[in-house]
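Here the structure of chain B is known, so what remains is to put chains G, P and C in place on it, guided by the hints.
4 protein chains.
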Amino acid sequence: MEKETTRVEAFSDGVFAIALTLLILSIKIPNRDAFVTSEKLWFALINLWPSYLAFLLSFAAVLIMWINHHGFFKYLRKINNGFLYANGFLLLTVTFINFPTAVLAVYFATPAVNIAAAFYSGTILLINIAYNLLWFSSAYKRRLVKDEISDELIIKIRNAYWLGFFIYLFAFIISFFLPYLGLFISVSLWIFWLALDYEKDKKNKLRKR
Amino acid sequence: MEKETTRVEAFSDGVFAIALTLLILSIKIPNRDAFVTSEKLWFALINLWPSYLAFLLSFAAVLIMWINHHGFFKYLRKINNGFLYANGFLLLTVTFINFPTAVLAVYFATPAVNIAAAFYSGTILLINIAYNLLWFSSAYKRRLVKDEISDELIIKIRNAYWLGFFIYLFAFIISFFLPYLGLFISVSLWIFWLALDYEKDKKNKLRKR
Amino acid sequence: MEKETTRVEAFSDGVFAIALTLLILSIKIPNRDAFVTSEKLWFALINLWPSYLAFLLSFAAVLIMWINHHGFFKYLRKINNGFLYANGFLLLTVTFINFPTAVLAVYFATPAVNIAAAFYSGTILLINIAYNLLWFSSAYKRRLVKDEISDELIIKIRNAYWLGFFIYLFAFIISFFLPYLGLFISVSLWIFWLALDYEKDKKNKLRKR
Amino acid sequence: MEKETTRVEAFSDGVFAIALTLLILSIKIPNRDAFVTSEKLWFALINLWPSYLAFLLSFAAVLIMWINHHGFFKYLRKINNGFLYANGFLLLTVTFINFPTAVLAVYFATPAVNIAAAFYSGTILLINIAYNLLWFSSAYKRRLVKDEISDELIIKIRNAYWLGFFIYLFAFIISFFLPYLGLFISVSLWIFWLALDYEKDKKNKLRKR
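Chains as they are written, first to last, in the numbering used here: chain B, 591 to 799; chain G, 591 to 799; chain P, 591 to 799; chain C, 591 to 799.
Since the hints were derived computationally from the structure, they do not count as laboratory data. Hints may contain errors.
Note: identical chains are not told apart, hence a pair may lie in one copy or across any two.
[Claimed, not checked] 30 Å max Cα-Cα, derived DSS-like pairs, lysine-lysine: (1) Lys664 with Lys736; (2) Lys746 with Lys664; (3) Lys746 with Lys731; (4) Lys630 with Lys618; (5) Lys736 with Lys618; (6) Lys668 with Lys618; (7) Lys668 with Lys746; (8) Lys664 with Lys630; (9) Lys668 with Lys731; (10) Lys736 with Lys746; (11) Lys618 with Lys731; (12) Lys736 with Lys668; (13) Lys630 with Lys746; (14) Lys731 with Lys630; (15) Lys618 with Lys746; (16) Lys736 with Lys630; (17) Lys618 with Lys664.
No experiment lies behind these values; they were computed from the predicted model shown.
In isolation and in its complexed conformation, chain B is listed as follows (with noise of 0.2 Å):
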């Protein structure tokens, strides 16, 4: 069973790697007019700020999806058919990311950006409720996790995730009316992730001792 699991992680590591890369596709190259000169481009550069940020912003989320991700797969025993239709709707939700980073980059620095903040704050929600499925799928009645992984590390994951979607949806709701907030809001809680996940590494090392 355990080349099964290695086999479903290497695939999803493939997904994440390439959603990751195809994310500079977002980013549309200046057109070149007929009288080029410095000052055009330079200008052109920079006004694709709103490009440049939201291509930050999505491949910061989506490589700090992978670590969890991948810390989440440490501890399965095995894997079965509920788990990878779980896992197949995240990847599907983390491959979609891509389309509301570049309806972002259009779209930032424009009067619809609500619009497009709620619709990328959506996908972050729709993610959230991803990584929920997983969860429930695989630790729900401990059904995937091993043996050595404590009752409490398991609580503590769900109630991270579950107030995650709590947080994810009054952050997409927000969206509308004041996108920025909205937007810094799914920022800031990246860095909550990267806690939970440096929680879980120090509880591997004092369960190793």
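This is chains G, P and C only, laid out in the frame that chain B set:
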């Protein structure tokens, strides 16, 4: 020979993962015109629903194909050149599905939906033929299958792929006249493939007892 | 050193798999104009046949190159920097084939087909040169090949690659005047490469006895 | 911990391979107008030389970065979160190079070449900073390096990266005024990195004696 099988499988996994992730490029960003408003972007994003649907359908399809592909490899004790070509043809059809998906995304809500649906169903039919060839190149006369795989299981998989062929052929033809029904049949069949895979798993478990 | 070879091979496999899958992006979706009809889409999809053909040709080409590349790696006992550069140049040419494929797709059924075909054949010629360099960097004076590989086999592969060079050079030049013949020669040669690979396999089996 | 390092390296390899292969998308197919002739396509393909050059430069750059990245990983006995972030930042910059490459391809033969060259050199500078951070996060106070790696080698790599920083900074600034010189300096330095890597190899061999 074991290593050989692993490497072809790893390469195929890579192509599956990339073909899966590239699907997101079939959703095109709405054009930004001179007067951007929240309402316009809202409706533009909503009007993309055929794109979301096509992405969802193809993502699920490729994912299930990957699961089946993997299930198939588990039965092989070695591979030969004939199998490599059959597998290469399968990868070609799996990669190709990106194109009918993009066509379906653009033409779903138009009078040309029947052609788009037939093109899509036809590609799914082609993928089924590739799976039949894969079966033939490896399981016919038990050329490449492991000794512990029962004849019964081999016949069962063959029958499932053949049944699939006739249903997909029917879906392809019906798509010209009743496009939504044609697509619905293609989609419904995925559940059947999942069930097949599940059966495989149960068989595996039985064998291990 | 074994691990080193494995990693370079895995990286190369990744580039092959991505270059292969990106080929699908060379097929462009037909534009949707104001009055969409089934007939229009039907003919638009049929008129894309040069795109399908170019996709098919390049997919088969890259797949066979991958099989040969893999066959080549099996003979190596270690790698050095010279080999890394030769391999890097090969990956560059394999990646590049995406561009002449897209050009061929667009210009196949036009009066400019000879330039498109020559561009395509020229790239195939370049790939052949890369394979010759790969041979030279590793098999010349048996620098990197395993002890169990016979001198006879090394010479045989070298001769095959050199023969390929002259045939591809001829195909490249003839493409300017008789584009379809030039392309046909390039395609026919794949069967030759497959045969070469098969011979390798047979040799391997003999050696193991 | 060994497995942990392997997995991060495999993920990074994936991103490198994809970023490398996506570079081909920076070459745009010449538009087909109403009256296609061989001469037009001939000159259109020749006029794309800045695109070929930009593709070549970036392909070589990313490949050498990958070789160095791999050389770096060989020295690590474990990884921690700080290293993961530094590595993530490196992957971001490596992925990003696709965009300045595409900009350079379009604006190389225009009066705006200085901005395009500075944008490109600036990204190379950013990648160098990422390598410096990678060194700092792992080799500073020998946090993550293997015991058998000498202090001398660690200092040598650090000095090479720092020297690189000042040369790339110079190339970045000079690009605004003498774009071709700036690009030339960036390119020349690759030979230096290759030399560094070669030295590493020699060191490795010495150590094994």
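Status of the hints after comparison with the structure:
Proximity of Lys664 to Lys736 under the C-alpha cut-off of 30 Å is found in both arrangements, the shortest distances being 9 Å within a copy and 24 Å between copies. Taking the shortest Cα distances, Lys746 and Lys664 sit within 30 Å of each other inside one copy (16 Å), while across copies they are farther apart (35 Å). In this homomeric assembly, Lys746 and Lys731 come within 30 Å of each other (Cα to Cα) only inside a single copy, at 14 Å, whereas the closest approach across copies is 34 Å. Taking the closest pair of Cα atoms, Lys630 and Lys618 come within 30 Å of each other both inside a single copy (16 Å) and across two copies (21 Å).
In the homo-oligomer, the alpha carbons of Lys736 and Lys618 never lie at most 30 Å apart, since the shortest distance is 46 Å inside one protomer and 43 Å across protomers. Taking CA atoms no more than 30 Å apart as the test, Lys668 paired with Lys618 passes in neither setting, with 43 Å inside one copy and 38 Å between copies. For the identical chains of this complex, Lys668 and Lys746 are neighbours both inside a copy (21 Å) and across copies (27 Å), given an alpha-carbon limit of 30 Å. For the identical chains of this complex, Lys664 and Lys630 are neighbours neither inside a copy (51 Å) nor across copies (45 Å), given an alpha-carbon limit of 30 Å.
In the homo-oligomer, the alpha carbons of Lys668 and Lys731 lie at most 30 Å apart inside one protomer (14 Å), although the nearest pairing across protomers, at 33 Å, exceeds that limit. Proximity of Lys736 to Lys746 under the C-alpha cut-off of 30 Å is restricted to the intra-copy arrangement: shortest distance 16 Å within a copy versus 34 Å between copies. Within a single copy, Lys618 and Lys731 get their C-alpha atoms no closer than 47 Å, and across copies no closer than 42 Å, so neither meets the 30 Å cut-off. In the homo-oligomer, the alpha carbons of Lys736 and Lys668 lie at most 30 Å apart both inside one protomer (8 Å) and across protomers (23 Å), since each shortest distance falls under that limit.
Taking the shortest alpha-carbon separations for Lys630 and Lys746, neither the intra-copy value of 53 Å nor the inter-copy value of 43 Å comes in at or below 30 Å. For a Cα distance limit of 30 Å, the shortest separation of Lys731 from Lys630 qualifies neither inside one copy, at 61 Å, nor across copies, at 47 Å. Proximity of Lys618 and Lys746 under a CA criterion of 30 Å is satisfied in neither setting, with 42 Å inside one chain copy and 40 Å between copies. Within a single copy, Lys736 and Lys630 get their C-alpha atoms no closer than 59 Å, and across copies no closer than 50 Å, so neither meets the 30 Å cut-off.
For a Cα distance limit of 30 Å, the shortest separation of Lys618 from Lys664 qualifies neither inside one copy, at 38 Å, nor across copies, at 37 Å.
The structure does not agree with the numbered hints 5, 6, 8, 11, 13, 14, 15, 16, 17 stated previously, though it agrees with the rest.
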